[in-house]
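Build the full structure now, drawing on both the sequences and the hints.
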Amino acid sequence: MNRQKGKMTTGVPIAIAIVIAIVVGSATASAQHDPRVEPAPTYVIQGATIHTLAGAPIEKGSVVVSGRVIVEVGANVAVPAGASVIDAAGLNVYPGMVDAYSRLGLTEIGSVAVTSDASDLGNWNPHLRAYDAIYPASEHIPVARANGVTHALSAPGGGGGFRGGGSAGIAGQAALIHLDGYTVEDMAINPSFGMIISWPTIQTRSFDFATFQRIERPYNEAKREYDERIQELESWFQAAQHYKQAVENGDPTNFDRDLQLEQLARTIGGELPVIVSTNDKRGIESAVEFAERYDLRLILARARDARKVKDVLAEKGIPVILGPTQSLPANEDDPYHYPFSLAGELYEAGVKICFGTFNSSASRTLPYEAANAVPFGLPYEEALRAVTINTAEIFRLADRLGTIETGKLGNLMITDGDPLEYQTQVEYVFINGIPVDTDNRHRRLWEYYKARPQPETPTATARRNGG
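Sequence positions in the sequence shown follow our numbering and run 10 to 476.
Please keep in mind that the hints were generated in silico from the structure rather than gathered at the bench.
There may be inaccurate statements among the hints.
Said to hold, decoys possible - Taking lysine-lysine and the DSS-like style, the derived pairs with C-alpha atoms no more than 27 Å apart in a straight line are:
| # | residue 1 | residue 2 |
| --- | --- | --- |
| 1 | Lys319 | Lys253 |
| 2 | Lys361 | Lys325 |
| 3 | Lys361 | Lys290 |
| 4 | Lys253 | Lys290 |
Claimed, not checked - Derived DEER-like restraints, expressed as beta-carbon distance ranges:
| # | residue 1 | residue 2 | range |
| --- | --- | --- | --- |
| 5 | Val123 | Arg226 | 53 to 59 Å |
| 6 | Ala65 | Gln434 | 47 to 53 Å |
| 7 | Phe385 | Asp195 | 36 to 42 Å |
| 8 | Arg214 | Glu68 | 50 to 56 Å |
| 9 | Ala255 | Phe385 | 47 to 53 Å |
| 10 | Tyr345 | Asn474 | 29 to 35 Å |
A quick note: this is a predicted structure, and the numbers were derived from the prediction, not measured.
Where a beta carbon is used, it is the ideal one built from N, C-alpha and C, also for glycine.
Structure (C-alpha coordinates):
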(Lines of atoms letter the chains of each structure in order from A and count residues from 1; the text may use other names and numbers.)
(Lines give C-alpha, C1' and ligand atoms only; values in the text may rest on other atoms or scores of the structure.)
Protein backbone atom coordinates (compact mmCIF):
# COMPACT_ATOMS: atom_id res chain seq x y z
CA MET A 1 0.00 0.00 0.00
CA ASN A 2 1.44 3.36 -1.02
CA ARG A 3 1.22 6.15 1.50
CA GLN A 4 2.24 9.76 1.17
CA LYS A 5 2.72 12.17 4.02
CA GLY A 6 -0.53 13.91 4.82
CA LYS A 7 -2.46 11.78 2.31
CA MET A 8 -5.44 9.57 3.04
CA THR A 9 -5.69 6.06 1.60
CA THR A 10 -7.99 3.10 2.17
CA GLY A 11 -6.95 -0.23 3.62
CA VAL A 12 -8.03 -2.34 0.58
CA PRO A 13 -6.11 -3.73 -2.44
CA ILE A 14 -5.51 -1.18 -5.20
CA ALA A 15 -7.42 -3.07 -7.93
CA ILE A 16 -10.50 -3.35 -5.77
CA ALA A 17 -10.12 0.25 -4.67
CA ILE A 18 -10.27 1.41 -8.31
CA VAL A 19 -13.59 -0.37 -8.85
CA ILE A 20 -14.99 0.93 -5.56
CA ALA A 21 -13.87 4.46 -6.40
CA ILE A 22 -15.80 4.36 -9.69
CA VAL A 23 -18.99 3.12 -8.03
CA VAL A 24 -19.04 4.89 -4.67
CA GLY A 25 -16.29 7.47 -4.89
CA SER A 26 -18.65 10.40 -4.61
CA ALA A 27 -20.48 8.81 -1.69
CA THR A 28 -17.21 8.27 0.16
CA ALA A 29 -16.16 11.87 -0.39
CA SER A 30 -19.42 13.20 0.96
CA ALA A 31 -19.31 10.81 3.91
CA GLN A 32 -15.98 12.25 4.99
CA HIS A 33 -17.65 15.63 5.41
CA ASP A 34 -21.19 14.64 6.37
CA PRO A 35 -21.61 14.73 10.17
CA ARG A 36 -24.87 12.79 9.88
CA VAL A 37 -23.58 9.69 8.08
CA GLU A 38 -24.24 6.45 10.00
CA PRO A 39 -22.46 4.28 10.71
CA ALA A 40 -19.50 6.65 10.84
CA PRO A 41 -16.46 5.35 8.89
CA THR A 42 -13.23 4.12 10.46
CA TYR A 43 -10.05 6.19 10.20
CA VAL A 44 -6.47 5.51 11.24
CA ILE A 45 -4.02 8.37 11.83
CA GLN A 46 -0.64 6.65 11.53
CA GLY A 47 3.00 7.47 12.27
CA ALA A 48 2.47 10.76 14.13
CA THR A 49 3.55 12.02 17.51
CA ILE A 50 0.39 11.65 19.60
CA HIS A 51 0.01 14.30 22.31
CA THR A 52 -2.74 12.66 24.34
CA LEU A 53 -2.61 15.20 27.23
CA ALA A 54 -3.39 12.18 29.41
CA GLY A 55 0.22 10.98 29.57
CA ALA A 56 3.55 11.20 27.78
CA PRO A 57 3.56 11.81 24.00
CA ILE A 58 3.59 8.66 21.88
CA GLU A 59 6.27 8.76 19.17
CA LYS A 60 5.35 7.21 15.81
CA GLY A 61 1.96 6.37 17.21
CA SER A 62 -1.48 5.78 15.75
CA VAL A 63 -5.03 6.77 16.59
CA VAL A 64 -8.02 4.73 15.41
CA VAL A 65 -11.35 6.56 15.20
CA SER A 66 -14.44 4.48 14.49
CA GLY A 67 -18.13 5.17 15.01
CA ARG A 68 -17.23 8.77 15.97
CA VAL A 69 -15.13 7.75 18.97
CA ILE A 70 -11.49 6.95 19.58
CA VAL A 71 -11.20 3.17 19.82
CA GLU A 72 -7.42 2.69 20.05
CA VAL A 73 -4.31 4.78 20.73
CA GLY A 74 -0.74 3.50 20.80
CA ALA A 75 2.58 2.81 19.13
CA ASN A 76 1.68 -0.59 17.65
CA VAL A 77 -1.85 -0.40 16.34
CA ALA A 78 -3.24 -2.69 13.64
CA VAL A 79 -5.15 -1.11 10.78
CA PRO A 80 -8.76 -2.38 10.76
CA ALA A 81 -10.03 -3.80 7.48
CA GLY A 82 -11.54 -1.16 5.24
CA ALA A 83 -10.23 1.75 7.29
CA SER A 84 -9.10 4.99 5.68
CA VAL A 85 -5.48 5.69 6.59
CA ILE A 86 -3.82 9.07 7.04
CA ASP A 87 -0.04 8.87 6.84
CA ALA A 88 0.90 11.47 9.44
CA ALA A 89 4.63 10.73 9.68
CA GLY A 90 6.39 13.84 10.95
CA LEU A 91 3.12 15.41 12.08
CA ASN A 92 1.51 15.84 15.49
CA VAL A 93 -1.92 14.87 16.77
CA TYR A 94 -3.58 16.89 19.55
CA PRO A 95 -7.07 16.93 21.03
CA GLY A 96 -9.30 19.49 19.35
CA MET A 97 -9.43 22.83 21.15
CA VAL A 98 -12.56 24.32 22.72
CA ASP A 99 -13.40 28.02 22.84
CA ALA A 100 -14.86 28.17 26.34
CA TYR A 101 -16.85 31.37 25.72
CA SER A 102 -17.62 32.61 22.22
CA ARG A 103 -20.25 34.20 20.00
CA LEU A 104 -19.76 31.67 17.20
CA GLY A 105 -22.87 31.29 15.08
CA LEU A 106 -24.55 34.24 16.79
CA THR A 107 -22.71 37.25 15.38
CA GLU A 108 -21.58 37.57 11.78
CA ILE A 109 -20.83 41.28 11.24
CA GLY A 110 -20.73 43.27 14.45
CA SER A 111 -21.64 46.59 12.85
CA VAL A 112 -24.66 45.14 11.01
CA ALA A 113 -27.42 44.54 13.55
CA VAL A 114 -29.46 42.15 11.41
CA THR A 115 -26.52 39.70 11.30
CA SER A 116 -26.30 39.45 15.09
CA ASP A 117 -28.52 37.29 17.31
CA ALA A 118 -26.22 37.41 20.32
CA SER A 119 -28.74 39.27 22.48
CA ASP A 120 -32.45 39.88 22.76
CA LEU A 121 -34.63 42.70 24.03
CA GLY A 122 -34.74 43.11 27.76
CA ASN A 123 -32.30 42.11 30.44
CA TRP A 124 -33.97 39.13 32.08
CA ASN A 125 -34.19 36.25 29.62
CA PRO A 126 -33.43 32.96 31.41
CA HIS A 127 -35.76 31.10 29.03
CA LEU A 128 -33.90 32.07 25.85
CA ARG A 129 -31.40 29.65 24.27
CA ALA A 130 -28.48 30.66 22.08
CA TYR A 131 -28.90 27.26 20.43
CA ASP A 132 -32.09 28.39 18.68
CA ALA A 133 -30.32 31.35 17.06
CA ILE A 134 -27.09 29.69 15.91
CA TYR A 135 -26.37 30.03 12.19
CA PRO A 136 -24.50 26.87 11.10
CA ALA A 137 -23.27 28.47 7.84
CA SER A 138 -21.47 31.33 9.61
CA GLU A 139 -18.19 32.23 7.89
CA HIS A 140 -16.48 32.41 11.29
CA ILE A 141 -17.00 28.72 12.07
CA PRO A 142 -14.77 27.26 9.31
CA VAL A 143 -12.13 29.91 10.08
CA ALA A 144 -12.02 28.78 13.71
CA ARG A 145 -11.95 25.06 12.98
CA ALA A 146 -9.19 25.49 10.39
CA ASN A 147 -6.99 26.54 13.31
CA GLY A 148 -7.86 23.51 15.41
CA VAL A 149 -10.90 24.78 17.34
CA THR A 150 -13.29 21.84 17.13
CA HIS A 151 -16.00 22.86 19.57
CA ALA A 152 -17.14 25.94 21.44
CA LEU A 153 -19.51 27.36 23.99
CA SER A 154 -21.70 29.84 22.12
CA ALA A 155 -23.07 32.28 24.66
CA PRO A 156 -25.73 34.99 24.44
CA GLY A 157 -25.14 38.57 25.56
CA GLY A 158 -27.30 40.84 27.69
CA GLY A 159 -29.74 43.37 26.34
CA GLY A 160 -28.07 46.25 28.14
CA GLY A 161 -29.92 49.38 29.07
CA PHE A 162 -28.69 49.91 32.63
CA ARG A 163 -26.55 53.02 32.95
CA GLY A 164 -25.12 52.50 36.40
CA GLY A 165 -25.14 48.73 36.32
CA GLY A 166 -23.70 48.22 32.87
CA SER A 167 -25.31 45.53 30.68
CA ALA A 168 -26.34 43.55 33.76
CA GLY A 169 -28.94 40.84 33.57
CA ILE A 170 -29.69 37.21 32.73
CA ALA A 171 -28.79 36.80 29.07
CA GLY A 172 -30.07 33.26 28.60
CA GLN A 173 -28.64 29.79 28.07
CA ALA A 174 -25.40 29.01 26.25
CA ALA A 175 -24.98 26.08 23.86
CA LEU A 176 -22.02 23.74 23.59
CA ILE A 177 -21.52 22.85 19.93
CA HIS A 178 -19.30 21.02 17.47
CA LEU A 179 -17.96 23.40 14.82
CA ASP A 180 -19.32 21.33 11.96
CA GLY A 181 -22.78 20.46 10.73
CA TYR A 182 -25.43 21.33 8.19
CA THR A 183 -27.94 22.11 10.93
CA VAL A 184 -27.70 23.16 14.54
CA GLU A 185 -28.98 19.69 15.45
CA ASP A 186 -25.89 18.22 13.75
CA MET A 187 -23.69 20.54 15.81
CA ALA A 188 -25.23 20.04 19.24
CA ILE A 189 -23.25 18.63 22.15
CA ASN A 190 -25.49 20.26 24.78
CA PRO A 191 -28.15 22.74 23.57
CA SER A 192 -28.71 24.09 27.07
CA PHE A 193 -25.40 24.05 28.85
CA GLY A 194 -25.23 27.03 31.21
CA MET A 195 -27.08 30.16 32.32
CA ILE A 196 -25.23 33.34 31.34
CA ILE A 197 -25.40 36.23 33.80
CA SER A 198 -23.79 39.63 33.34
CA TRP A 199 -23.10 40.81 36.87
CA PRO A 200 -23.90 44.45 37.74
CA THR A 201 -21.02 46.89 38.12
CA ILE A 202 -20.68 50.37 39.54
CA GLN A 203 -19.96 52.24 36.34
CA THR A 204 -19.10 55.90 36.80
CA ARG A 205 -17.30 56.30 33.48
CA SER A 206 -18.47 55.53 29.98
CA PHE A 207 -17.68 56.65 26.46
CA ASP A 208 -20.14 58.17 24.00
CA PHE A 209 -19.02 57.02 20.54
CA ALA A 210 -21.47 59.42 18.90
CA THR A 211 -19.66 62.45 20.32
CA PHE A 212 -16.33 60.76 21.19
CA GLN A 213 -16.55 62.14 24.69
CA ARG A 214 -16.04 60.52 28.06
CA ILE A 215 -19.10 60.67 30.29
CA GLU A 216 -18.64 60.98 34.05
CA ARG A 217 -21.41 60.07 36.50
CA PRO A 218 -21.64 60.71 40.25
CA TYR A 219 -20.66 57.67 42.29
CA ASN A 220 -23.80 57.85 44.42
CA GLU A 221 -26.02 57.66 41.35
CA ALA A 222 -24.10 54.72 39.88
CA LYS A 223 -24.08 52.92 43.25
CA ARG A 224 -27.83 53.37 43.64
CA GLU A 225 -28.50 51.82 40.23
CA TYR A 226 -26.05 49.02 41.01
CA ASP A 227 -27.95 48.21 44.21
CA GLU A 228 -31.22 48.20 42.26
CA ARG A 229 -29.82 45.71 39.75
CA ILE A 230 -28.53 43.44 42.53
CA GLN A 231 -31.93 43.56 44.21
CA GLU A 232 -33.66 42.71 40.96
CA LEU A 233 -31.32 39.74 40.49
CA GLU A 234 -32.16 38.63 44.03
CA SER A 235 -35.87 38.87 43.24
CA TRP A 236 -35.51 36.63 40.19
CA PHE A 237 -33.66 33.92 42.10
CA GLN A 238 -36.00 34.11 45.08
CA ALA A 239 -38.94 33.62 42.72
CA ALA A 240 -37.13 30.72 41.00
CA GLN A 241 -36.42 29.15 44.38
CA HIS A 242 -40.08 29.35 45.39
CA TYR A 243 -41.16 28.03 41.98
CA LYS A 244 -38.81 25.06 42.28
CA GLN A 245 -40.16 24.24 45.73
CA ALA A 246 -43.74 24.52 44.49
CA VAL A 247 -43.05 22.15 41.60
CA GLU A 248 -41.29 19.61 43.82
CA ASN A 249 -43.73 19.70 46.72
CA GLY A 250 -47.05 20.79 45.33
CA ASP A 251 -49.72 19.98 42.80
CA PRO A 252 -48.68 21.46 39.41
CA THR A 253 -52.34 22.18 38.67
CA ASN A 254 -52.40 24.72 41.49
CA PHE A 255 -50.12 27.24 39.76
CA ASP A 256 -49.49 28.57 36.28
CA ARG A 257 -46.45 27.35 34.41
CA ASP A 258 -43.74 30.03 34.10
CA LEU A 259 -41.10 29.22 31.46
CA GLN A 260 -38.67 31.85 32.73
CA LEU A 261 -38.72 30.64 36.33
CA GLU A 262 -38.79 27.02 35.19
CA GLN A 263 -35.47 27.45 33.41
CA LEU A 264 -33.88 29.62 36.08
CA ALA A 265 -34.87 27.08 38.74
CA ARG A 266 -32.61 24.54 37.00
CA THR A 267 -29.59 26.50 38.26
CA ILE A 268 -30.58 26.06 41.91
CA GLY A 269 -28.91 22.89 43.09
CA GLY A 270 -26.44 22.86 40.20
CA GLU A 271 -28.34 21.09 37.42
CA LEU A 272 -27.45 23.98 35.12
CA PRO A 273 -24.17 25.85 35.81
CA VAL A 274 -24.25 29.60 36.16
CA ILE A 275 -21.58 31.41 34.14
CA VAL A 276 -21.15 34.88 35.61
CA SER A 277 -19.35 37.50 33.56
CA THR A 278 -17.73 40.08 35.81
CA ASN A 279 -14.37 41.80 36.08
CA ASP A 280 -13.95 43.75 39.30
CA LYS A 281 -13.20 42.40 42.77
CA ARG A 282 -16.52 43.60 44.16
CA GLY A 283 -18.43 41.73 41.45
CA ILE A 284 -16.45 38.51 41.91
CA GLU A 285 -16.93 38.49 45.68
CA SER A 286 -20.61 39.34 45.33
CA ALA A 287 -21.16 36.55 42.78
CA VAL A 288 -19.37 33.99 44.99
CA GLU A 289 -21.49 34.90 48.01
CA PHE A 290 -24.66 34.89 45.88
CA ALA A 291 -23.86 31.44 44.46
CA GLU A 292 -23.39 29.99 47.93
CA ARG A 293 -26.74 31.32 49.15
CA TYR A 294 -28.67 29.86 46.21
CA ASP A 295 -26.63 26.65 45.84
CA LEU A 296 -25.41 27.50 42.34
CA ARG A 297 -22.61 25.80 40.41
CA LEU A 298 -20.60 28.92 39.64
CA ILE A 299 -18.17 29.44 36.76
CA LEU A 300 -16.60 32.89 36.51
CA ALA A 301 -15.96 34.48 33.13
CA ARG A 302 -13.47 37.26 32.30
CA ALA A 303 -12.73 37.99 36.00
CA ARG A 304 -9.80 40.36 35.44
CA ASP A 305 -9.53 41.07 39.17
CA ALA A 306 -9.50 37.36 40.06
CA ARG A 307 -5.88 37.69 41.23
CA LYS A 308 -7.18 39.74 44.17
CA VAL A 309 -9.37 36.87 45.40
CA LYS A 310 -7.45 33.89 43.98
CA ASP A 311 -7.08 32.13 47.33
CA VAL A 312 -10.84 32.26 47.91
CA LEU A 313 -11.52 30.90 44.42
CA ALA A 314 -9.02 28.08 44.94
CA GLU A 315 -10.46 27.18 48.34
CA LYS A 316 -14.02 27.06 47.02
CA GLY A 317 -13.08 25.29 43.77
CA ILE A 318 -14.51 28.00 41.52
CA PRO A 319 -13.08 27.84 37.97
CA VAL A 320 -12.45 30.83 35.71
CA ILE A 321 -12.90 31.26 31.96
CA LEU A 322 -10.25 33.84 31.13
CA GLY A 323 -10.72 36.38 28.37
CA PRO A 324 -8.21 37.37 25.70
CA THR A 325 -4.67 37.96 26.94
CA GLN A 326 -4.15 40.27 23.97
CA SER A 327 -5.93 43.15 25.68
CA LEU A 328 -5.27 46.25 27.73
CA PRO A 329 -5.10 46.17 31.55
CA ALA A 330 -8.46 46.66 33.25
CA ASN A 331 -7.42 49.73 35.24
CA GLU A 332 -5.38 52.76 34.27
CA ASP A 333 -2.75 52.13 36.97
CA ASP A 334 -2.38 48.37 36.34
CA PRO A 335 0.99 47.08 35.04
CA TYR A 336 0.99 46.35 31.31
CA HIS A 337 1.56 42.63 31.86
CA TYR A 338 -1.56 42.02 33.97
CA PRO A 339 -3.64 40.43 31.16
CA PHE A 340 -0.70 38.13 30.34
CA SER A 341 0.24 37.12 33.89
CA LEU A 342 -3.26 36.51 35.29
CA ALA A 343 -3.44 32.91 34.05
CA GLY A 344 -0.12 31.99 35.65
CA GLU A 345 -1.06 33.59 38.97
CA LEU A 346 -4.38 31.75 39.14
CA TYR A 347 -2.72 28.46 38.19
CA GLU A 348 -0.10 28.85 40.92
CA ALA A 349 -2.88 29.54 43.43
CA GLY A 350 -4.67 26.33 42.43
CA VAL A 351 -7.55 27.84 40.45
CA LYS A 352 -8.76 25.79 37.46
CA ILE A 353 -8.57 27.98 34.33
CA CYS A 354 -9.46 27.83 30.66
CA PHE A 355 -9.66 30.37 27.85
CA GLY A 356 -12.44 31.91 25.80
CA THR A 357 -12.29 34.54 23.08
CA PHE A 358 -15.67 36.15 23.92
CA ASN A 359 -15.98 36.75 20.19
CA SER A 360 -16.91 35.16 16.90
CA SER A 361 -14.40 36.54 14.42
CA ALA A 362 -11.47 36.08 16.83
CA SER A 363 -12.19 32.50 17.85
CA ARG A 364 -9.36 31.31 15.60
CA THR A 365 -6.88 33.11 17.91
CA LEU A 366 -7.75 30.88 20.88
CA PRO A 367 -4.40 29.01 21.00
CA TYR A 368 -2.47 32.28 20.95
CA GLU A 369 -4.39 33.63 23.95
CA ALA A 370 -3.03 30.71 25.95
CA ALA A 371 0.42 30.99 24.36
CA ASN A 372 0.79 34.62 25.41
CA ALA A 373 0.45 33.58 29.05
CA VAL A 374 3.39 31.15 28.91
CA PRO A 375 6.24 33.72 29.09
CA PHE A 376 4.43 35.31 32.04
CA GLY A 377 4.27 32.29 34.33
CA LEU A 378 1.79 29.76 32.92
CA PRO A 379 3.57 26.41 32.29
CA TYR A 380 3.46 25.32 28.65
CA GLU A 381 1.64 22.05 29.36
CA GLU A 382 -0.95 23.92 31.38
CA ALA A 383 -1.48 26.35 28.48
CA LEU A 384 -2.31 23.37 26.25
CA ARG A 385 -4.62 21.99 28.90
CA ALA A 386 -6.31 25.39 29.25
CA VAL A 387 -7.68 25.12 25.70
CA THR A 388 -8.51 21.40 25.86
CA ILE A 389 -8.97 19.16 28.90
CA ASN A 390 -9.33 21.94 31.49
CA THR A 391 -12.39 23.23 29.69
CA ALA A 392 -13.83 19.72 29.49
CA GLU A 393 -13.28 19.26 33.23
CA ILE A 394 -14.84 22.63 34.09
CA PHE A 395 -17.83 21.74 31.91
CA ARG A 396 -17.93 18.21 33.42
CA LEU A 397 -17.46 16.60 30.02
CA ALA A 398 -14.00 15.13 30.58
CA ASP A 399 -15.39 11.65 29.90
CA ARG A 400 -16.15 12.71 26.30
CA LEU A 401 -13.73 15.50 25.37
CA GLY A 402 -10.34 17.05 26.02
CA THR A 403 -7.78 14.24 25.65
CA ILE A 404 -6.90 11.49 23.18
CA GLU A 405 -8.10 8.37 24.98
CA THR A 406 -10.24 5.40 24.05
CA GLY A 407 -13.95 6.04 24.38
CA LYS A 408 -13.75 9.79 23.81
CA LEU A 409 -15.20 11.63 20.84
CA GLY A 410 -12.95 11.85 17.81
CA ASN A 411 -12.31 15.59 17.98
CA LEU A 412 -8.70 15.95 16.84
CA MET A 413 -6.29 18.23 15.03
CA ILE A 414 -3.24 17.12 13.06
CA THR A 415 -0.54 19.78 12.84
CA ASP A 416 2.96 20.25 11.48
CA GLY A 417 4.16 21.72 14.78
CA ASP A 418 3.22 23.25 18.12
CA PRO A 419 -0.42 24.48 17.94
CA LEU A 420 0.41 27.41 20.23
CA GLU A 421 2.85 28.81 17.65
CA TYR A 422 1.68 31.21 14.94
CA GLN A 423 3.72 29.46 12.22
CA THR A 424 2.10 26.07 12.76
CA GLN A 425 -0.26 24.80 10.09
CA VAL A 426 -3.23 22.58 10.86
CA GLU A 427 -3.24 19.81 8.25
CA TYR A 428 -6.37 17.89 9.26
CA VAL A 429 -9.26 18.44 11.64
CA PHE A 430 -11.57 15.71 12.93
CA ILE A 431 -14.90 16.70 14.46
CA ASN A 432 -17.22 14.11 15.96
CA GLY A 433 -15.12 11.36 14.39
CA ILE A 434 -15.22 12.74 10.84
CA PRO A 435 -12.45 14.63 8.94
CA VAL A 436 -13.87 18.04 8.01
CA ASP A 437 -13.10 20.54 5.30
CA THR A 438 -10.63 23.22 6.44
CA ASP A 439 -11.34 25.59 3.56
CA ASN A 440 -12.53 28.99 4.77
CA ARG A 441 -13.07 32.58 3.76
CA HIS A 442 -9.66 33.72 5.03
CA ARG A 443 -7.87 31.12 2.94
CA ARG A 444 -9.92 31.87 -0.15
CA LEU A 445 -9.16 35.59 0.10
CA TRP A 446 -5.47 34.84 0.61
CA GLU A 447 -5.41 32.65 -2.52
CA TYR A 448 -7.33 35.26 -4.49
CA TYR A 449 -5.05 38.17 -3.67
CA LYS A 450 -1.89 36.06 -3.84
CA ALA A 451 -2.71 35.53 -7.53
CA ARG A 452 -3.23 39.23 -8.18
CA PRO A 453 -1.09 40.43 -11.14
CA GLN A 454 1.80 42.56 -9.95
CA PRO A 455 2.39 45.98 -11.55
CA GLU A 456 5.53 46.45 -13.60
CA THR A 457 7.76 48.31 -11.17
CA PRO A 458 11.49 48.02 -10.45
CA THR A 459 10.70 46.42 -7.09
CA ALA A 460 8.35 43.81 -8.60
CA THR A 461 10.88 42.97 -11.32
CA ALA A 462 13.64 42.56 -8.74
CA ARG A 463 11.46 40.23 -6.67
CA ARG A 464 10.65 38.05 -9.66
CA ASN A 465 14.35 37.85 -10.45
CA GLY A 466 15.22 36.89 -6.89
CA GLY A 467 16.51 40.33 -5.90
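Tested hints:
Between Lys319 and Lys253 the alpha-carbon distance is near 33 Å, which puts this suggested pair outside the 27 Å criterion. Taken as a hint, the Lys361 and Lys325 pair is honoured in the structure, with Cα atoms around 11 Å apart against an allowance of 27 Å. Simply put, Lys361 and Lys290 have alpha-carbon atoms about 18 Å apart, close enough for the 27 Å limit, and the pair holds. Between the alpha carbons of Lys253 and Lys290 the distance comes to roughly 31 Å, so the proposed pair goes past 27 Å and is violated.
Separation of Val123 from Arg226 is about 32 Å and departs from the stated range, judged on CB atoms against 53 to 59 Å. The hinted range of 47 to 53 Å is not satisfied by Ala65 and Gln434, whose Cβ atoms lie roughly 25 Å apart. The hinted window of 36 to 42 Å between Phe385 and Asp195 holds, with their beta carbons roughly 39 Å apart. A beta carbon spacing of about 55 Å between Arg214 and Glu68 agrees with the range 50 to 56 Å that was offered as a hint.
Checked against the hint of 47 to 53 Å, the pair Ala255 and Phe385 passes, with Cβ atoms roughly 50 Å apart. Against the hinted window of 29 to 35 Å, the Cβ-Cβ separation of Tyr345 and Asn474 comes to about 44 Å, which falls outside the hint.
Violated hints, in rising order: 1, 4, 5, 6, 10; the structure is consistent with all others.
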